[in-house]
Amino acid sequence: KQNPDYDKALSYMEVLFKTVSPERILKKDYHYMARILLKKNQNYPKMVDELASLKTQLDREKSRFNTAANAADKAKFKTNVDDLSARVASLERDIAKAETEIDRAFNEYNKALNFGKTGKETELTPQDRALLSEMATNYYNFRRYKEAAKTWAKLIDPQKEDNTQDYMQVGRAFYVGENYKAADSIFNIVLKKSPDYLPAHIYIARTYSKMDPDMKLGLAKPKFEKVVSLAEKDSVKYSADLAEALSFLGFYNMENGNYTKAKDIFNRIINLDPNNKDFKIRGYNGIGGLELKATGQEKTLEGKLAYLARASEAYEKILAIDPANASAKSSLKYVQDWTTSVKKGINPNEIKGVVTNMAGQPIAFASIRVKDTAAENLTNTKGEYKFEIPQGSEILIVSAKGYKTKEIAITAQRTYNVKLEQE
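According to our numbering, the residues represented by the sequence shown are 1130 to 1552, in order.
Please keep in mind that the hints were generated in silico from the structure rather than gathered at the bench.
C-beta: ideal position from N, C-alpha, C; glycine also.
If a hint is listed, it holds; no wrong ones were tucked in.
Taking lysine to aspartate or glutamate and the EDC-like style, the derived pairs with C-alpha atoms no more than 16 Å apart in a straight line are:
1. LYS1530 with GLU1552
2. LYS1322 with ASP1291
3. LYS1515 with GLU1505
4. LYS1137 with GLU1230
5. LYS1240 with ASP1158
6. LYS1168 with GLU1263
7. LYS1355 with ASP1325
8. LYS1355 with GLU1373
9. LYS1548 with ASP1188
10. LYS1322 with ASP1286
11. LYS1275 with GLU1307
12. LYS1345 with GLU1384
13. LYS1366 with ASP1402
14. LYS1191 with ASP1211
15. LYS1500 with ASP1188
16. LYS1533 with ASP1188
17. LYS1350 with GLU1384
18. LYS1310 with ASP1341
19. LYS1533 with GLU1550
Pairwise CB distance ranges (calculated):
20. LEU1220 with SER1364: 44 to 52 Å
21. ASP1232 with THR1544: 43 to 51 Å
22. LYS1168 with GLU1221: 20 to 28 Å
23. MET1487 with PRO1351: 33 to 41 Å
24. PRO1351 with GLU1221: 37 to 45 Å
25. ALA1541 with ASN1209: 14 to 22 Å
26. GLU1552 with GLN1294: 32 to 40 Å
27. ARG1222 with PRO1324: 45 to 53 Å
28. GLN1171 with MET1487: 38 to 46 Å
29. LEU1430 with ASP1407: 34 to 42 Å
Kindly produce the complete structure, drawing on both the sequences and the hints.
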């Protein structure tokens, strides 16, 4: 039906449930009610994404308001803060209402599933399996990933000759839902049956990467190395998987100071497939970041210029492949500004500060990054940082493991002391 009116459909079903005695309600009535409630709230995922975006904008405007240099700027930012605050509050109310109806929908699904059951049944009927499959899909679509995984798990037939994809579906749902220990367990069930099954190895590597996002523990390193050893047996067929694994290993080595090895890996990505532009961009981007990191550690001006020249070359190669690449343009501008400053022997755009927790204790290895650029620095053990930012920079993003990320508006001041709240 075109332009279905789910509000009207829901009102009809409400009348049915209120006027018909419970013993006359049919299984299909519960099923229809569940479907209507979900159709009525099918925009829920979009609303959640929109809310996250609005909250990010609101935090940015609050930061600008708090650091505004004069009354006129404060008034302008106050208007933006008030407008965004109202929109956030309104959307939060809509989402809360939708979540109540979505919860009810799955309750109706369970009523349909258990309709006529005595509780002594030991096997699923074809109708049960169809209903559970529909429930699992909707759990996933409405971002109830844990419930989706558990429901799909109920549908796995241990007697089935090949149930690899069934287990992978469950594992992916746990992974997307950030239940990484459960995801790891499921993917390892697959590997017990098929030790060299590459998709399971890839997801295990991704899972361990999520469990160690700062690469401090090196949990994902051996997992991605295993992916490489399997994927390189047919580098043409598995080129995308190989590029993903090599990218991780390149950045891992870069973060741990193994620059030569990291550069070799990034060059390997560039040469994986002569016709794949994305691989080349990924590799050159890695090299550019590596040269910038080395620049920050170099003491002499001459040495800095050499690293900056190689970084510039890497970003220029990206733009030769993709002239519209915004990230490469921004990074190249950053390199050019830094080069100019080094040649002058000064750092007019240098900022510094200290990152602490709310109790005033320093946070080591916190990331201070200029939004939409490659400019980034980490705090030392005293929570201190100092680095040069590109001209025209607007926002600093300050983050640390276990703390809420904070955005700071960049003004004329050159010292930014930041306090982070724990998550």
